[in-house]
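Dock chain B against the given chain A, drawing on the hints supplied.
Chains as they are written, first to last, in my numbering: chain A, 1 to 197; chain B, 1 to 197.
Certain hints may be false.
Since copy identity is lost for identical chains, a pair holds within one copy or between any two.
[To be verified] Below are the SDA-like pairs computed for lysine to any residue, each with C-alpha atoms no more than 20 Å apart in a straight line:
1) K132 to S33
2) K52 to H35
3) K45 to A9
4) K45 to I78
5) K45 to S33
6) K45 to L14
7) K20 to E196
8) K2 to H76
9) K45 to L111
These aren't lab readings, by the way, just hints derived from the structure by calculation.
Read off the chains here:
There are 2 protein chains.
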Amino acid sequence: MKNFNRLIAAFRRLPGVGPKQAERLALHLLRVSSHEVEEFATSVKEAKLSVKPCTVCLNFTEQGVCSICGDPGRDHEILCVVEEPPDVQAIERSGSYQGLYHVLHGSLSPLDGIGPDSLRIRELMGRLKNSKQPVREVILATDPDTEGEATALYLTQMLRPLGIRITRIAQGVPLGGDLDYTDELTLSHALTGRREV
Amino acid sequence: MKNFNRLIAAFRRLPGVGPKQAERLALHLLRVSSHEVEEFATSVKEAKLSVKPCTVCLNFTEQGVCSICGDPGRDHEILCVVEEPPDVQAIERSGSYQGLYHVLHGSLSPLDGIGPDSLRIRELMGRLKNSKQPVREVILATDPDTEGEATALYLTQMLRPLGIRITRIAQGVPLGGDLDYTDELTLSHALTGRREV
Numbered sequence: 001m002k003n004f005n006r007l008i009a010a011f012r013r014l015p016g017v018g019p020k021q022a023e024r025l026a027l028h029l030l031r032v033s034s035h036e037v038e039e040f041a042t043s044v045k046e047a048k049l050s051v052k053p054c055t056v057c058l059n060f061t062e063q064g065v066c067s068i069c070g071d072p073g074r075d076h077e078i079l080c081v082v083e084e085p086p087d088v089q090a091i092e093r094s095g096s097y098q099g100l101y102h103v104l105h106g107s108l109s110p111l112d113g114i115g116p117d118s119l120r121i122r123e124l125m126g127r128l129k130n131s132k133q134p135v136r137e138v139i140l141a142t143d144p145d146t147e148g149e150a151t152a153l154y155l156t157q158m159l160r161p162l163g164i165r166i167t168r169i170a171q172g173v174p175l176g177g178d179l180d181y182t183d184e185l186t187l188s189h190a191l192t193g194r195r196e197v
Numbered sequence: 001m002k003n004f005n006r007l008i009a010a011f012r013r014l015p016g017v018g019p020k021q022a023e024r025l026a027l028h029l030l031r032v033s034s035h036e037v038e039e040f041a042t043s044v045k046e047a048k049l050s051v052k053p054c055t056v057c058l059n060f061t062e063q064g065v066c067s068i069c070g071d072p073g074r075d076h077e078i079l080c081v082v083e084e085p086p087d088v089q090a091i092e093r094s095g096s097y098q099g100l101y102h103v104l105h106g107s108l109s110p111l112d113g114i115g116p117d118s119l120r121i122r123e124l125m126g127r128l129k130n131s132k133q134p135v136r137e138v139i140l141a142t143d144p145d146t147e148g149e150a151t152a153l154y155l156t157q158m159l160r161p162l163g164i165r166i167t168r169i170a171q172g173v174p175l176g177g178d179l180d181y182t183d184e185l186t187l188s189h190a191l192t193g194r195r196e197v
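Bound conformation, chain A alone (with noise of 0.2 Å):
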């Protein structure tokens, strides 16, 4: 049970693995076909072996330049800075952006040991200081809880002096929610941020 037990261990050390949850994972790939295996353990050395940062936005890539930074019909004035590769997706998901990104990789949580130099804040400053362009607006859309908000007010600060418009997105009701059931902070966030019809 050795080769076994060494691969519940290999998945209990992925992030919110619990002991449960390994075996559960382990038993399966023991039992679906071999060439399924196979595939998973491909498709976890190739992503490794391709995807890397984009040297301008430091999304996930595979090649040296994302397809967005190299776009030349995107408004390269304006960086809307988010958190994880995802968030980027699924802002092109939403199919309202037009601009470029700035991908952290992370978001401030002094507890946990990330302060700003283990996000990607230098890279932006530099990008926004030395860029042909000049960036005329920088959006902040890490999230919407305690270590985005973080992030944001701490960029607004660093930002501040370049002389850019910074913003932030938008927080009120999700669409499709229902008041009666959102939280108060929310619904604070809501009437504060408030426009007129």
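Below, chain B alone, put in the same frame as chain A:
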């Protein structure tokens, strides 16, 4: 992003892994060292190659016959029937059982299309009928949930004609538990199954 999305898809095919967790696992693997990723992929492939069901009890093993079935010091006249290989490890850890096992590799769940033919019941019947050393007791140690109970009931009906002693593991209040927080069904089983002191 093709290989990144393919990695997310590979994780999503695992049981109980949702879209958010698949994303987190994929991001994690892209961030740790190549060495660690290589090791993960190797554990998966090696376990699949080397771990097979024991030819006697169907528990996972890296030999033809597992170390439990091959141990002449154990009581070969008692079989403990469990649902999954980790159940064997759990009972072994308790240190209070010296007989052999039989792993069903599942439990009856008609709603999920898992009938008696999907479990290794035929192999159990074969063992009981053809074993050199006659089996004097079968302990039904399937889980104490609906599927496990249904499986135990079905096995009881199948085994009854063989005239072998059939027992079911005791159900009651778990050690270290609090009566106040114990569900009604468990309490009812604990009362019905009460023993003289």
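Here is what the structure says about each hint:
1. Taking the shortest Cα distances, K132 and S33 never come within 20 Å of each other, neither inside one copy (53 Å) nor across copies (34 Å).
2. In this assembly of identical chains, K52 and H35 lie within 20 Å of each other by CA distance solely across copies; the values are 16 Å between and 27 Å within a copy.
3. For a Cα distance limit of 20 Å, the shortest separation of K45 from A9 qualifies both inside one copy, at 18 Å, and across copies, at 14 Å.
4. Taking the closest pair of Cα atoms, K45 and I78 never come within 20 Å of each other, the shortest separation being 35 Å inside a single copy and 46 Å across copies.
5. For the homomeric pair K45 and S33, the shortest alpha-carbon distances inside one copy (19 Å) and between copies (12 Å) are both at most 20 Å.
6. Proximity of K45 to L14 under the C-alpha cut-off of 20 Å is found in both arrangements, the shortest distances being 15 Å within a copy and 17 Å between copies.
7. In the homo-oligomer, the alpha carbons of K20 and E196 never lie at most 20 Å apart, since the shortest distance is 52 Å inside one protomer and 36 Å across protomers.
8. When the C-alpha separation of K2 and H76 is checked against a cutoff of 20 Å, the pair qualifies neither within a copy, at 54 Å, nor between copies, at 24 Å.
9. For the identical chains of this complex, K45 and L111 are neighbours neither inside a copy (32 Å) nor across copies (37 Å), given an alpha-carbon limit of 20 Å.
When each numbered hint is compared with the structure, violations occur for hints 1, 4, 7, 8, 9.
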